[in-house]
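Here the protein sequences line up with chains Z and E, keeping their order. Per the working numbering, the very first residue in the first sequence carries number 1; after that it's consecutive. Per the working numbering, the very first residue in the second sequence carries number 427; after that it's consecutive.
Keep in mind the hints are simulated off the structure, nothing from the lab. One should not assume that every hint holds.
[Unchecked claim] Which residues of chain E face chain Z? A few of them, derived with a C-beta cut under 8 Å, are: (1) LEU433; (2) THR485; (3) ARG547; (4) THR591; (5) ARG639; (6) SER641; (7) GLN680; (8) VAL681; (9) GLY691.
[As the list claims (entries may be wrong)] Quick look at which bits of chain Z chain E covers, simulated, 3 or more residues with Cβ under 8 Å: (10) 45 to 55; (11) 218 to 230; (12) 394 to 404.
[What the hints assert, rightly or not] Just the calculated beta-carbon pair ranges, DEER-fashion: (13) E/SER649 with Z/ASP199: 43 to 53 Å; (14) Z/ILE84 with E/VAL532: 18 to 28 Å; (15) Z/ASN96 with E/ARG711: 43 to 53 Å; (16) Z/ASP420 with E/ALA497: 43 to 53 Å; (17) E/ARG518 with Z/ALA91: 38 to 48 Å; (18) E/GLY529 with Z/SER57: 45 to 55 Å; (19) E/ASP605 with Z/ALA325: 16 to 26 Å; (20) Z/GLU321 with E/GLY562: 50 to 60 Å; (21) Z/ASN96 with E/ILE533: 17 to 27 Å; (22) E/GLY543 with Z/PHE144: 26 to 36 Å.
The beta-carbon is built from N, C-alpha and C at its ideal position, and this holds for glycine as well.
Residue strings, one per chain:
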Amino acid sequence: MTSKLAQPTRRGFFAGTAATGVALCAPSLATAATKTIKIGYAGSLSGVRANFGATESWTIERMREHLADGLTLNGTTYDVELVIRDNLSEASASANVASDLVLRERCNLILVQDGDAAMAVGELADTRGVPTISTMVPWQGMFFPRGGRPDVGFPYTFHFFAGSDAVLTNFVNMFDMVETNKTVGTLFLDNPAGQGLMDPQMGMPALLEAKGYTHVPTGPFQIATNDFSNQIAQFRAAEADILSGFMYDSHFVPFWNQVAQSGLSPKACGMAAAFLFSSAVEALGDRGDGLLTEVWWTPDFPFESSVTGQSAQALAAAWEEDTGAQWTQPLGYGHALWEVGLAALARADDPLDPDSLAPAIGSLNVDTIVGPVDFAGSPVKSVAITDLVGGQWRRGTGKHAYDLKIVNNATMPQIPTDADIIPLSL
Amino acid sequence: MTALFELLLQGVTLGGLYGVIGAGLALTFGVLRVVNLSHGELITIGAFIAVGVTALAPTVPVLAVLVLACALCAALGGLLQVAFVERAMHFRDPMVPMLVTFGIAVILRNLLVETAGADLRGLNVGGLAQASLQLGPVIIGALPVVTLGIAVVVFAGLAAVIRHTRFGREVRALSDRPDIAALMGIRVARVHVKVAALAAGLAALAGVLLAMRASVSPYSGVSYLLIAFEVVVLGGLGSTRGAFAAGVLLGVTQVLSAWWDSNAGLLYVHLVFFSILVLRAMTGRLS
Numbered sequence: 001m002t003s004k005l006a007q008p009t010r011r012g013f014f015a016g017t018a019a020t021g022v023a024l025c026a027p028s029l030a031t032a033a034t035k036t037i038k039i040g041y042a043g044s045l046s047g048v049r050a051n052f053g054a055t056e057s058w059t060i061e062r063m064r065e066h067l068a069d070g071l072t073l074n075g076t077t078y079d080v081e082l083v084i085r086d087n088l089s090e091a092s093a094s095a096n097v098a099s100d101l102v103l104r105e106r107c108n109l110i111l112v113q114d115g116d117a118a119m120a121v122g123e124l125a126d127t128r129g130v131p132t133i134s135t136m137v138p139w140q141g142m143f144f145p146r147g148g149r150p151d152v153g154f155p156y157t158f159h160f161f162a163g164s165d166a167v168l169t170n171f172v173n174m175f176d177m178v179e180t181n182k183t184v185g186t187l188f189l190d191n192p193a194g195q196g197l198m199d200p201q202m203g204m205p206a207l208l209e210a211k212g213y214t215h216v217p218t219g220p221f222q223i224a225t226n227d228f229s230n231q232i233a234q235f236r237a238a239e240a241d242i243l244s245g246f247m248y249d250s251h252f253v254p255f256w257n258q259v260a261q262s263g264l265s266p267k268a269c270g271m272a273a274a275f276l277f278s279s280a281v282e283a284l285g286d287r288g289d290g291l292l293t294e295v296w297w298t299p300d301f302p303f304e305s306s307v308t309g310q311s312a313q314a315l316a317a318a319w320e321e322d323t324g325a326q327w328t329q330p331l332g333y334g335h336a337l338w339e340v341g342l343a344a345l346a347r348a349d350d351p352l353d354p355d356s357l358a359p360a361i362g363s364l365n366v367d368t369i370v371g372p373v374d375f376a377g378s379p380v381k382s383v384a385i386t387d388l389v390g391g392q393w394r395r396g397t398g399k400h401a402y403d404l405k406i407v408n409n410a411t412m413p414q415i416p417t418d419a420d421i422i423p424l425s426l
Numbered sequence: 427m428t429a430l431f432e433l434l435l436q437g438v439t440l441g442g443l444y445g446v447i448g449a450g451l452a453l454t455f456g457v458l459r460v461v462n463l464s465h466g467e468l469i470t471i472g473a474f475i476a477v478g479v480t481a482l483a484p485t486v487p488v489l490a491v492l493v494l495a496c497a498l499c500a501a502l503g504g505l506l507q508v509a510f511v512e513r514a515m516h517f518r519d520p521m522v523p524m525l526v527t528f529g530i531a532v533i534l535r536n537l538l539v540e541t542a543g544a545d546l547r548g549l550n551v552g553g554l555a556q557a558s559l560q561l562g563p564v565i566i567g568a569l570p571v572v573t574l575g576i577a578v579v580v581f582a583g584l585a586a587v588i589r590h591t592r593f594g595r596e597v598r599a600l601s602d603r604p605d606i607a608a609l610m611g612i613r614v615a616r617v618h619v620k621v622a623a624l625a626a627g628l629a630a631l632a633g634v635l636l637a638m639r640a641s642v643s644p645y646s647g648v649s650y651l652l653i654a655f656e657v658v659v660l661g662g663l664g665s666t667r668g669a670f671a672a673g674v675l676l677g678v679t680q681v682l683s684a685w686w687d688s689n690a691g692l693l694y695v696h697l698v699f700f701s702i703l704v705l706r707a708m709t710g711r712l713s
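Modelling step: build the complete structure from the supplied sequences, incorporating the hints.
Set out below in structure tokens:
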């Protein structure tokens, strides 16, 4: 069967020659039709970080509509092909996705929405020269594990996001606003991000000491932990009014229940990553009112999209109308990822040439729906550092069970605050 | 001293929960001689049924939700036994039913992700999850005490059923000498289905208690399966009373070890498990 197929037939031969002839006679026509920009995408559409990727498929569909007629850059019209891959929120699947996007699909530009994927795609993209833009993980978490040096950066890979230091600064700023005995009990999940946050010099301990807080550290804990009675016993013995640290929502539910059971009544609680999403707060029932969180983006950010012209408010409204679900913070960054990518393509002399596109990203300064993304003026090469504000979850007054209110904007004054901070009332 | 006593109590209540997690697995292993790798998924499904029912009908009392989740999960367990596991058990190789349950686990987990999403869910039991009891200087959460109470009742009930009912006699006969039990006219396949259903019901109970205490996601099953295994192996394969004791031992170990090493997690639990296994191997009492 196969040998028969492989044999050249007379008809096939003539057809082939004719096609070549046409192509040779009309070279401009043929190349015009093949100018396609291939944009690869890797993100956590499912898996443990699925809630970070929950808005992504919707965002990608909006972009697909936007790019349906192609892109006209410097007078040339390009077709745009999107190659969307799910990295399942895990490192090994990310490696497969990376080789798929870089080696097999040979994308011209890769957009990455997940930390694991940023590591895997980043390494391969730099060796193969594929311009890549990533986000959705604190920039230190992508930059230093890959051996980045702030004065050198990476040749083809770029990242924009807030830093983990900004999370801590915002927490302490918010603790300052609540009347407490200035005793802070902390516990941190034992992973690279947690170790960074609890670092004695660079992390929370130094910041708390500088601001005159008494620190009750209970150290790191393992990801499989489901019982916090020991840490809580120490907090209770020290009469900590403030609880802080880093854990996922799966830890926070038992932690918070055990805090209540123990009779400890903290006045403020800010945990990095634990309640970025309203679903995590809703899981606490009535006991989520007043929790403090870092805020990357809300519909109240006074920015608009450079792609669609929508305001942050309009983008969130469109998502809520289409899906019936409450907006989440990644909605803004997921949209901004495409804004940055498309702005870079527009800036490059030849978007298909990686050595033209990479410098175009590196010299970019674009206003997006999450605020300015500035690679050009950044102190860290290859990284655009965005900023955060401090927020507090409050009992919803409208259609949602909880609303996220911005209560401290010291690090990003252009964002208006929309509520006064309240102490926890437990 | 009070603090230490509180921690000890915490450990015992956590251990009761661990015992319930292991009870169903002990039963399937003891009677069916099947290592049921889908036990973790049955736990999560039980929890998700409870969460789903509470979301759809918030007025239904918690106890009714618990019973409903156990009943539905028991039906599912029985169905899986009839449709797949029983057939796989006809092969002499114990690997076959184990692989079948592994496959069932993968399918159940992904079905759960598809239908319910990957989100974490907790079961809101009103003020119970945060309430505490004060006995002199000792403060202990109400929910852990209730959990322990349920665990004790369940284990006592299980022991009574196995010791004093006709079904229990059949189960014991089947567990000791399946071939002779069959000769005596016990309908083996029917007992298998009942046991599988009972085990799945216990899994659902564990799932609901876990969802009250913390939260579950479709991916939680795997980590609970590991605890279930340690409970079963420590408690003596197939012994439900042993499972309870083993659960308490592991729970106390976990809570107390965190006293001097907060970052230990389950390390000392696994170490205790390992040491006892080594001890048993040295004294020649491995099974």
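Of the numbered hints stated earlier in the document, which are not met by this structure?
Violated hints: 2, 4, 12, 13, 18, 19; rest satisfied.
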